[in-house]
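Asks: Below are the chains, spelled out letter by letter.
2 protein chains.
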Amino acid sequence: MLEAAGKTRPIKKNQPLQNDLLLKALQGEHVDRPPVWMMRQAGRYLPEYMKIKSKYDFFTRVQTPELATAITLQPVDIIGTDAAIIFSDILVVPQAMGLEVEMNEGKGPVLPFTIQGMKDVEQLIVEEAHFHLQYVYDAISLCKQELNGRVPLIGFAGSPWTLLCYMVEGKGSKTFDKAKTFCFQQPEASHALLQSITTVTIAYLKEQIRAGADCVQLFDSWGGLWDKEDFAVFSLQYIEQIVDAVKEEAPVIVYAKGVWHSLPELQQTGAAALGLDWCNTPQTARALTQNKITLQGNYDPVKLLQPVAKIKEDVQQMINAFGVQRYIVNLGHGIIPSVPVEHARTFVEAVKSWKA
Amino acid sequence: MLEAAGKTRPIKKNQPLQNDLLLKALQGEHVDRPPVWMMRQAGRYLPEYMKIKSKYDFFTRVQTPELATAITLQPVDIIGTDAAIIFSDILVVPQAMGLEVEMNEGKGPVLPFTIQGMKDVEQLIVEEAHFHLQYVYDAISLCKQELNGRVPLIGFAGSPWTLLCYMVEGKGSKTFDKAKTFCFQQPEASHALLQSITTVTIAYLKEQIRAGADCVQLFDSWGGLWDKEDFAVFSLQYIEQIVDAVKEEAPVIVYAKGVWHSLPELQQTGAAALGLDWCNTPQTARALTQNKITLQGNYDPVKLLQPVAKIKEDVQQMINAFGVQRYIVNLGHGIIPSVPVEHARTFVEAVKSWKA
Numbered sequence: 000m001l002e003a004a005g006k007t008r009p010i011k012k013n014q015p016l017q018n019d020l021l022l023k024a025l026q027g028e029h030v031d032r033p034p035v036w037m038m039r040q041a042g043r044y045l046p047e048y049m050k051i052k053s054k055y056d057f058f059t060r061v062q063t064p065e066l067a068t069a070i071t072l073q074p075v076d077i078i079g080t081d082a083a084i085i086f087s088d089i090l091v092v093p094q095a096m097g098l099e100v101e102m103n104e105g106k107g108p109v110l111p112f113t114i115q116g117m118k119d120v121e122q123l124i125v126e127e128a129h130f131h132l133q134y135v136y137d138a139i140s141l142c143k144q145e146l147n148g149r150v151p152l153i154g155f156a157g158s159p160w161t162l163l164c165y166m167v168e169g170k171g172s173k174t175f176d177k178a179k180t181f182c183f184q185q186p187e188a189s190h191a192l193l194q195s196i197t198t199v200t201i202a203y204l205k206e207q208i209r210a211g212a213d214c215v216q217l218f219d220s221w222g223g224l225w226d227k228e229d230f231a232v233f234s235l236q237y238i239e240q241i242v243d244a245v246k247e248e249a250p251v252i253v254y255a256k257g258v259w260h261s262l263p264e265l266q267q268t269g270a271a272a273l274g275l276d277w278c279n280t281p282q283t284a285r286a287l288t289q290n291k292i293t294l295q296g297n298y299d300p301v302k303l304l305q306p307v308a309k310i311k312e313d314v315q316q317m318i319n320a321f322g323v324q325r326y327i328v329n330l331g332h333g334i335i336p337s338v339p340v341e342h343a344r345t346f347v348e349a350v351k352s353w354k355a
Numbered sequence: 000m001l002e003a004a005g006k007t008r009p010i011k012k013n014q015p016l017q018n019d020l021l022l023k024a025l026q027g028e029h030v031d032r033p034p035v036w037m038m039r040q041a042g043r044y045l046p047e048y049m050k051i052k053s054k055y056d057f058f059t060r061v062q063t064p065e066l067a068t069a070i071t072l073q074p075v076d077i078i079g080t081d082a083a084i085i086f087s088d089i090l091v092v093p094q095a096m097g098l099e100v101e102m103n104e105g106k107g108p109v110l111p112f113t114i115q116g117m118k119d120v121e122q123l124i125v126e127e128a129h130f131h132l133q134y135v136y137d138a139i140s141l142c143k144q145e146l147n148g149r150v151p152l153i154g155f156a157g158s159p160w161t162l163l164c165y166m167v168e169g170k171g172s173k174t175f176d177k178a179k180t181f182c183f184q185q186p187e188a189s190h191a192l193l194q195s196i197t198t199v200t201i202a203y204l205k206e207q208i209r210a211g212a213d214c215v216q217l218f219d220s221w222g223g224l225w226d227k228e229d230f231a232v233f234s235l236q237y238i239e240q241i242v243d244a245v246k247e248e249a250p251v252i253v254y255a256k257g258v259w260h261s262l263p264e265l266q267q268t269g270a271a272a273l274g275l276d277w278c279n280t281p282q283t284a285r286a287l288t289q290n291k292i293t294l295q296g297n298y299d300p301v302k303l304l305q306p307v308a309k310i311k312e313d314v315q316q317m318i319n320a321f322g323v324q325r326y327i328v329n330l331g332h333g334i335i336p337s338v339p340v341e342h343a344r345t346f347v348e349a350v351k352s353w354k355a
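Quick mapping for you: the protein sequence lines, in order, are chains S and F.
All residue numbers for the first sequence refer to numbering that gives the first Met the number 0, where the first residue is 0 and numbers rise by one.
All residue numbers for the second sequence refer to numbering that gives the first Met the number 0, where the first residue is 0 and numbers rise by one.
Treat the hints with care, since some could be wrong.
Since the list gives no way to pick one copy over another, a pair counts as held whenever it fits inside one copy or between any two copies.
[Unchecked claim] Within a straight-line C-alpha distance of at most 20 Å, the following computed EDC-like cross-link-like pairs (lysine to aspartate or glutamate) qualify: (1) K309 to D226; (2) K309 to E206; (3) K256 to E228; (4) K54 to E126; (5) K54 to E104; (6) K311 to E47; (7) K256 to D226.
Everything labelled a hint here was simulated from the structure, so no lab data went into it.
Please put together the full structure from these sequences, using the hints given.
Replies: So this is what it looks like as structure tokens:
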């Protein structure tokens, strides 16, 4: 398949799903066991991924539908997850809006030109931006064909606030002080920027769904840097807009890391599910969301380095605590590169062999 | 005073405190307004500090009582805080235990030799370690003399888990995966290490109090990386030991960043106060601690970059929300270097001029 890189295969009608556990969990339908997938499941812990990584740079992997498809399918084939998530990056959106993004392997992303004020915001591409992401839609269509109905395919995007972080700060940060300062000191420009990203993201996610994504996840990786009040102002309201615009077309999972304080508000966005980090206990998360929504998570990724017997025990305990219904087993954040494949597989297998 | 660097002044009997607001708040006594101080208040936002910094390297500043005293007193003189906190670093403890610590200005600490297993733990200095920190006790005594009873002096130490992070990882990290992995994969060695740090820290804090510290703060900067269950195992139980051993000699403030989920358990440690980051609302924090303990915090440090009128308004609102009694106004984390001195002063002044 890799030989075909660059040419997009003709799109065939999608097969009905053989494993629709994820969609059932998202719709709150009865399941015999919860579905399982892992954030960053197509990634550096897989030798098969490292092989592709050694041959093609990051954006070649992302922009070549055949490569993105091969990577997306790896965890389904190798560790047997109940869903695939399209291999891509949240920063393709700032890129499509006209900002340069460099991906330095091992060092994270760098944006050489950052947003510093309203003038920069006004120069961004908005209405046309989602047309520049055709390679993502092509990858999704190709993935759906290759999956041939085995498991659902998840599309995704970064939340407006999380994308603003990189667009203003220009690189990763522990605290994103520059991005927060921008919001406090230039509220008009920051809201204009957040609104522009929101507009692009809505069009982008709708196109992903049209191309075949069965559901989508919104990553608010840096939402937890705000207090509750500022989270409402600078992140939540834009998440609400996106969920509202997209939810009729496919279920939306909202993963807002560290945002335990606004779980009640996130539950009311119309999202089908909320992703949780491991700092929430199942009991607290169920209470804060009034047991009204599907929850996803929240195993500490580092715990996948424990002995496999302990991983099995933890998974059993986690399912018991969250409950089988309205629950999607996942990590609380992305899988880390040092996890042995066997441990990742154990995590998935433990869910599949779960017994009440 | 700086000329005397290297020689410790003779210790005189301490003056009674003219401003004992902090101690009253810690003891739950009635106050007319809450006390205010700021984490990392003696730091890079002060031109007077930068002047000393340009002449002496980090450990010279820390190890020379006259320099540490000059730096400690700056925020009291310049912005008028209700307490001084001794200028030092949490990593002096690993240093006293025999590990080399390099402080690279702007890049953070590096420990060239890290703890990798039980054998390394066994080679650490434990019983004698606190004797190597005489320069801290001398700085505290000198500070108390120079303060001459104006405001109380706070001593401090890092929590055992937070120190383990650096001793195992060897440098700062967003997630301290290596340190967490060490705890999961070598529980025996990790608990031996945590216990050794605990033993040293108890002796160290007692000596700080003997030298004149009016109260002490324990910084668990990385407690928030654990889930509730693991926090109890790898951090809380050691914090409990320390508080229990020290609380009869001076009030203890426990600041565990990101550890909202264990506020009820932290409230029961016997600490006089709990420090909060800004992700807690006053209402939630009061509810989680059953309104039984003094709370300290929790202004987002980035908000000090807002216009001064907004800072004043925020402080007023924060005091109203936490309540005047059993409350210490502070930031939710350390002050950032880009804050104008005038804004820091506004924060302090707003507390002093607070009106119900």
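Asks: State the violated hints by number, sorted upward, taking the hints as numbered earlier in the document.
Replies: 2, 4 and 6
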